[in-house]
Each structure stands twice: as C-alpha cells, then as structure tokens.
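Protein sequences appear in the order of chains A and B. According to numbering that gives the first Met the number 0, the first sequence holds residues 0 to 212 in order. According to numbering that gives the first Met the number 0, the second sequence holds residues 0 to 489 in order.
Do not take every clue at face value.
Said to hold, decoys possible - Derived DEER-like restraints, expressed as beta-carbon distance ranges:
# : chain 1 : residue 1 : chain 2 : residue 2 : range
1 : A       : GLU185    : B       : GLU485    : 19 to 29 Å
2 : B       : ILE386    : A       : GLY124    : 34 to 44 Å
3 : A       : PRO197    : B       : ALA433    : 41 to 51 Å
4 : B       : LEU111    : A       : GLU184    : 15 to 25 Å
5 : A       : LYS25     : B       : LYS58     : 50 to 60 Å
Don't read these hints as lab results, they were simulated from the structure. From a predicted model like this one, the values you see are computed outputs, not experimental measurements. For glycine and all other residues, C-beta sits at the position ideal for the given N, C-alpha and C.
Spelled out, the chains give:
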Amino acid sequence: MSTTLDRIHQAVIDGDRDLASEFVTKGLAEKIDPLTMLDSLNRGIRVVGDRFGKGELFIPDMVASADAMKAGAGILEPMILKRKGEIKTEGEVAIGTVEGDIHDIGKNIVAIMLSAAGFQVSDLGVDVSTETFIEAVRKNQPNLVGMSALLPSSMPSQDRVMKALNATGLRNKVKVMVGGAPVTEEWAASIGADGYAPDATLAVRKAHELVGK
Amino acid sequence: MVASVGTRDENVYKVLNDDEVVRIHNAALQVMDRVGIVVQHEATLKALEGVGVEVDWAKKLARFPPYVVKEFVRKAPPHFVQGGRTTKQDFTVENGRVYARSLSGCSHVLDLESGKCRVATKKDSADGARMIDALENLKFAGGWIYPGDEPPSTRDVCLAQIMLENTEKHIAIQAYEDSHLKYMIEMAKLVAGGEEELKRRPLLSIVLAPTSPLVLSKVMVEQIVSCGKYRLPGLVCSTPICGAAAPVTLAGELVVVHSENLAGTVISQVLYPGTPVVYGVRANTMDMTTGNALWGSVEFGISCAAAVQMGHYCGLPVDTYGVGSDSKALDEQAAVEKVFMMMLPAMAGVNLLTGAGYIETIRTASFEQIVIDNEMLGMMYRTLRGIRVEDETLAVDLISRVGPGASFLGEKHTRKHMLNEHYMPRVFDRNVRARWEELGSKDAAQNARVQAKRILREHVVPELDKDVRKRLTSILDEARKELPKESGGE
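Start from the sequences and build out the full structure, keeping to the hints where you can.
Okay, structure coming up:
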C-alpha cells in the first residue's frame, strides 16, 4: 500500500505536477515533516536523472519531472526556509540568462540536470540584471552562480557581473560558471569565471568539480 | 562547366499536398488571430493598430485578423534584385531560380594546417570571404566566419567591413542590434556609392530573427524598420528548436514558422510597403538525449522543403538551410547529412539555399568543407537541370547515322554537348586505383584541402578604393567607441 511519501516520489517520476502538489498538500495535512517530503521529491528527480543518463528517459521527461518537483517544492518552501542547513544537497546554485537576453531553453535544461544531480537550484529567469545576480549571491549565499548568454551581444553582461562581484567583495564567496552558444573557454577565462561547459551534461560535471561535496 | 542555376517548372519534391498547405496556412492564421504575436516595439504596435490589428498593450500582444494578413503580405515583392559590388554580381531573387550562399555565424574554424578546431580570427573571416568570392556555386555570401579576436560588442560590425573588403558578391549578414546595423549600413552606402545606389541595388540583406515561439523582439523590429528605410531585403529567419520553441511535430513547427514569417512580413509591409522580404526558415531540431540543437537532421531538410511550399503559397521567395551537418569531422556523416538537407529543399524549389561551409551544428567553419559543399552544390544544380528533351538531344538522326555497333565518341555532337550534359567534379576523384595511389591516395577532404589552399593563395579580390577603405575603418573605430558604452560600459 502506497504511503503519501511514496506517492510524492512517484508523482515526480511520472512527471505529474498536479499529483505532486496534491500529495504534498495531503502530506502537510498528515503532519509529515516538510523536509522529509522535500527529500522524497529530490529522490524522485534523481531517479529520473539516472534513467536519463542510461538513455531510458529523454529531455521532455526530465522537464515534466522537474516541473512536478518544483510544484511540490514550491508549496514547501515557506516552511523550510529557516531549515535550509538541514537539507542534504550537492550544493546551491543560482542560475539565470543575463541582461539583454531572453533565451532560456539551454539554461532551463542545465537547471533541470543540476536538480537531477542533487543540487538545489534557484532559477532567476531571463534578462537578469547585474543587480539581481549580486542580490541573489548576497541574500541566498549559493555555492555556484551560472550565467547563460545566447547572443554575442549579451556576453558583456557576463563580464559586468564578474566585475560587480569583485567590486562588492563577493567574488570569493561563490564559484561562477558561464555558458551559452557563443561563449567559449577562452571568453570564460578572460572574464575570470571559474568554469565553462559546452552543454548541459558537461555543465553538471563541471558544477560537481567546482562545488560538489 | 559553369553550373547553371535554373530549376524546372515542376518542383519535384512536394512534402505537402495542396490541402495540407492550406491547412497549415489556416492554422497559422488562427494562431496569429487568436493567440497573437508579441511585438516588443510600441511605434510598430501603434501602426499595426491603425490597420486593424488588435493590440493588447499590457502584453504587447498583436492579434492579426486574417484579412489584414492577406492585405499586407500581398504587397511584398515576389522578386527583387540583390546587388554585389558591381552589376556583374547582381542577381534577381525569383521563383525558378536557386541561389546558394554560405551560412552566417561560425565562431570556430578547422585550422587548415593543423586540422584542429579553434576560435576564428579576423584573418579567417577575410580568408573565408575570399573563398566564397572564388567558389562558383555560391552566388552570394553570408557572414560566414566571425572574428573572435574582435571584442564581442563590435564583432558583427567588424565582420561587415571584412566581408565588404574581401568579396564582391552580395552579402547576407546579421546585426546584433539596430545600433550595430546602422554602422553596417553606413559602410554599405560607402561601398555602393551612396544611399540612392544602395537602395537601387542593395549590397546587403539583413537576417532578422524572431524569438520563437511567436515573439518579435525590439532588437528584430527596429531592424525591420531600418531595412524598410533603406529598402534592404529583410530575411525573416524563423529558427524555432523543434520540440522546445515549437511543437515537436513537424506540422506544428511549420505553424509557428509560418506565423512568425507572416507577422514579420506584415510589419515590414505596413511600415514600408514594397520592401523586399524573404520567408526564412531554419527548422532546427532538438536532440532529446542531450537538449542540444541539431543543424543537420533529416527532419530539418524535410521541414525546410515543406516551408518552401508554405512561402510560395503566400507569394514570397524562400530561404532555407541546406548543406548542413552536426558532424565534428569531415566524414561520412558530414556528407550524408548535408546531401539530405540540401536536396530536399532544393528539389522543392527553394529560392535561396543557405548554409555552405559548416560542420558541427553551425559552430565550426571549414575551408575544406566549403570546397566539398561547392562540389555538392554543383551536383545539385545538375540534378535540378534534369534532362533536356529536344530533337538535338534525342539525336535520332545521329543514332541512325552512327548505326548499330558503332561509336559516338568521335562525333561532333558528342564534343558539342559533353560538358553541358555531364557535370565534371573538381574535388571528387574518379581515377583508377593505381593512378589514385600515384597521386597520393587522397580522400575527398585531403583533395579539398589542396584546393582550399590553392584558392587562398591565388584568388584575388579587387581592392576597394584606398579612401573607401580608410573611411570603412573609421566607421568601425567609431562603432568600437560608441557601442560598448551602449551595452553598459566596458
């Protein structure tokens, strides 16, 4: 007989956001510890990540499962804000597409793959200003910041964020990775980023290298 | 043999039957009317509102009633001239003709000496322009290789100068933003000999990219305006990743592509009626195992061929990719993917076939590969020319004169027609093995390398006037001063 926790776990695996929300809500009513439910959600996405790695599931499956996980985690967020330190995680990541750029497909896939690999990911969205990146680092203290740019003309925004991190004394508090079609290893080095990856799978590997526990 | 560029009247490859073309067209009209297109440019939204488009100002969403679409798409010219540096390079974009060019946008290049993949430099951009200038099956040029040693803010303007100096052919190019395009237009005016001459024989055509699905950004719409002002052909380049920025079904992707193209066309005709527009499609697909975009899949070719039908249905000339591959090497995968991607739209009657010169998903340019692509295009042209059936070619009189058991080799008829009827390759080897070994047992890539080096050594593009060159440089210098400031300072 399935418990609520089993159902939460399965809803993520099945990529069903409605069921994920439903069972998390039910779990709250049953007084299940929010952190335990978050763990079920995370374990669900990791199963999906494993199967994806084996070629049994595909990107759209990952996206649906990540959406389900986010739906459940969104409900739990206010309750676990103060208990962040108790959450088992590979690391915390803030990721976004830089200012002047609204492309997000690649960034979304990286965010999902990072979640599946055990990272806590905060997606800042698109057209993210330098100020927003800095605030995210200051307030939430992630281990890693990821910046995506699809347009060559948005690449200077990545440089501006690096400079702002230096200017505000936050640079050594966080690792920084950059990516996106026009971005290269050379560009990443020239702006002082800690890492670069040409696709989502390699981005996860690099993230582990830089901050994995 | 000079490759001919004609097609026959009957386009051979019809992916869609007539009903299906209409269904997709109607589906797109429905999307444009009920879902709407985001147009991130207030002045344009106002103009659209003025002609009957319903605007939701809060969302910057434009809903186009079908009658508005019909009224304005009709105004786009079905054929127009694209100019080169001299009238010798001019050509007319029109149905019944297929013209090919390189792609725009490689950031990397396969080094001709080492074979290694590296970031491209200004020298590569210039060499690339010269190669395009030399290759006979490329009627015009794209901004093939981006100079990676120029800071990102001015890479596009820098490339425009390099292209204008190193090829006489018409150049299709992309600007990051309208402020960048303005510098390119200044350069083009200079080389064309003034604004009036540039308008008469546009030296540049401009790639305008929607943000799929269904968003025409400020960056794009401002450039539609500039194109209209100078009557530069605008290539509305719908590039949705199938499965991500468009439905995963090819028919659904065509609906998105068709909607974006018609929206871009309507806007250009509302603002500047009669401005040349090209219906552009890059039907890239997503690799569902990695999330990477693919620029060599067979579906890309099929969708582009169907898009040709869709654009022609609306009376618009069509530009699609062909000659593409996701391979990292100059190998069988490169050859096979390119043939599918090239032949499908070509046989569907595409007007402008873009994409020569890349491997690896448009990231990497290869000088050897563009020589091979040129060869493939030659074979494509030969295919499109088909078979000439006339008294002269049926040759019944000749056959009866020569008679059973005899030879045609020495006949005047053979000498007269042999080069026209039979394509002679420049790169592909046809020798017997012993002779091939004597020549070094070279494969196609190696032969192409020899040719590429020879072209780069020997091909000379007439230099622009010294004064023009100086002024082009000062335009670039000004761009280098002003543009970084605009994006927030460097």
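Any hints this thing doesn't respect? Which numbers, in order? 2 and 5
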